[in-house]
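Let the sequences and hints guide you as you build the complete structure.
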Amino acid sequence: MRTARRASLALALAALLAGCGDRNLVLSVDILSFLSPSQTQSTIGPMPGVPGGAATGEIPLVDDQQIQLFEGLGDASEVKAVTVTARIESADSTGSGTDTLRVYLTSSADPPTSQPPVLTAVVAMTPGVTDTVTAVLDGSPALADLFTRKLVRLSITNSVRGPDVGETLNARTRLIELQAVVIAGRKPV
Amino acid sequence: MHRPSAFLWSLALLALALPGVARGQALDARRMGMGGVVLGSGGTGANVAYDAVPAPRSRDEGRSLALPLGLIQLLADPPELDPDDPDFNAFELANLLYNPPWHLQLVKPDAPSGDVTISVAKNSLAVDLAELHELFPEEGTQFGGVAGSGGFSVAVGRFSLGIAPLIHDQNKLTLNDALQGALARGEPFVPNTDYVMNDAGRGQAAVGLQAGYAQRLLGAGDDPRAAGGWGIYAGARAKALRGLAYGDVTGDVGFTTPDTLFGSSSVVLDYHALMRTAGPGDGGLGYGLDLGAVWVAGGTELGVGVNNVATRLPWKTLVREAYRDTATGNYVMAELARDQRFTSTVPATVTLNVAQRMGPWLLAADAVQGVLRWSGHAGAETWFGNLAVRGGLTYDQNRMVQYSLGGGLRLGRVGLDAALATNSRNLTRERGLELGLGLTVY
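Going down the list, the sequences are from chains A and B.
With the numbering used here, letter number 172 in the first sequence gets 172, and the count goes up by one each step, no holes.
Just so we're on the same page, the numbering used here is the position in the second sequence counted from 1, plus 1000.
Worth flagging that the hints you see were computed from the coordinates, not collected in a lab.
Watch out, some of these pointers could steer you wrong.
Think about it this way: if two alpha-carbon atoms lie no more than 30 Å apart in a straight line, the pair counts; the simulated DSSO-like pairs of lysine-lysine are [said to hold, decoys possible]:
#1 B:1172 - B:1108
#2 A:80 - B:1172
#3 A:80 - A:150
#4 B:1108 - A:150
#5 B:1172 - B:1316
As structure tokens, then:
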């Protein structure tokens, strides 16, 4: 009796792809769908103006969320590239400041925030303005490789710096898109 | 890039040719131009009774030699065999099995290709297979054939003796409705649903000594095709077979989606298959029988041939079971029995053919019950001096109508035949067009 490695639907699809030479497996992961609404939005303020602007430091929006993906995909495919896209909507009522959103991903035993963020987006808030900021990262193969693992761990933080003068900052930010698109090819035999 | 030698290619193509013929590929350019119709004594060994029917005395009948234009085309541009090469395409190689490249491919259906896109969200999964979705027709994928020609025989009076290979293969792959929708139509996978694919395949090869006997049972006149002549002929061909290889597999692979597609529990494939295999040292001596009958009266002939009536092959087989162990999650291959006695059968195939000669015209039609499906052919031929014009239709095993057109030029005792014919012998059942050439000795 002998055992074989665990396989999955993605492995079967990768095997199908294996017949097609240089064709690719395009894996589009809607990361946002794995988050609850409370994890994707934050209310900022009131933050009165202080010289140099008050800073909140990194506040977890998503604290080590585990995302189950495909099992065995990494065994059958070789990642070529990844693009991570984040879109953040900010609605500022009063005051000005900046909100820095950081996205951390890992598949290791260490918490995501033990690694540098894979994506950083800075949102500038202007009184009375609702704006959308898009950040796109063309990631490394190492980052792309994360999405071929069974389990991905995700943390998202935001850190706000308030006004140094003027009105008190009151605003709201919301993550409206967080998506990874992985291009993988067949693993050489 | 690996470039195998012409010799290796030739060997491989010889091995490929028999299954292709079993799937209705006509090598003879005359038959090809007439829709691949079975032409009695000039046919394919489909009816042993024709061994007793006198060869037509028509000046238009001869012995044909098919010219392998397609082999030259293939050798000039062979497919990539290195799986690590970007040009490698396993589906292109599979198409060579479906349609061995004996003829020149004028319109060659592209092998399925394209990027596969998987879109994942917490409770959503959609798969876009691009052109690969054509691999999953609504009625499932099935193919099969029995090839028993390709050997040689000698006739001594009413008897014939010969040696010939016997190759049988068949496969039926079906998806349940949910999986069919997801893979073929790109419908999203949904929670709490079973997705299952079933495959049943069998293949066996043997080589056999054949002893045939055919004679006229009733009739009038020496030549049944002469005015006032007629004859009823019957024949039988006994086969002593030595099994060379056997394999069958019946399996299900599938998965059940949870409440949330990408929640806390991952989707894991369940797999269960039973396999039975035997090698050259495990084959025993089997037997088989072909039967046939023909009625010929002047310009009319009608034949019925049934091949592989009660053909049996004994084997010592290795029986194994493959499954996913639910306790460990591992896939396991377990041996259930070794040297287990097993007798395989070769499916019978039936050929019904009819032909009518009217002056310069020859009209012919046949119906062939194959391993899994039947097919039909009809064709016509007429001569204008030394020039023959042919045409035909085929209702093929993919339930598509195919068209053919051909011609022949006779110069003394030698003739050149050419035919153009469409076919759907490829994975995606697209229509292809090929050119066949042949020499005929009259």
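Within 30 Å, alpha carbon to alpha carbon, are residue 1108 of chain B and residue 150 of chain A? violated (41 Å)
Assess, step by step, whether the Cα of residue 80 of chain A is no farther than 30 Å from the Cα of residue 1172 of chain B, and give holds or violated. Status violated; Cα separation ~36 Å.
Does the alpha-carbon distance linking residue 1172 of chain B and residue 1316 of chain B stay inside the 30 Å limit? holds (25 Å)
Below or equal to 30 Å on CA atoms is what counts here, so check residue 1172 of chain B against residue 1108 of chain B. Given that 30 Å is the threshold and the Cα spacing comes to 25 Å, the pair holds.
Does the alpha-carbon distance linking residue 80 of chain A and residue 150 of chain A stay inside the 30 Å limit? Holds, at about 18 Å.
In terms of the numbered hints stated before, the structure departs from hints 2 and 4, listed from lowest to highest.
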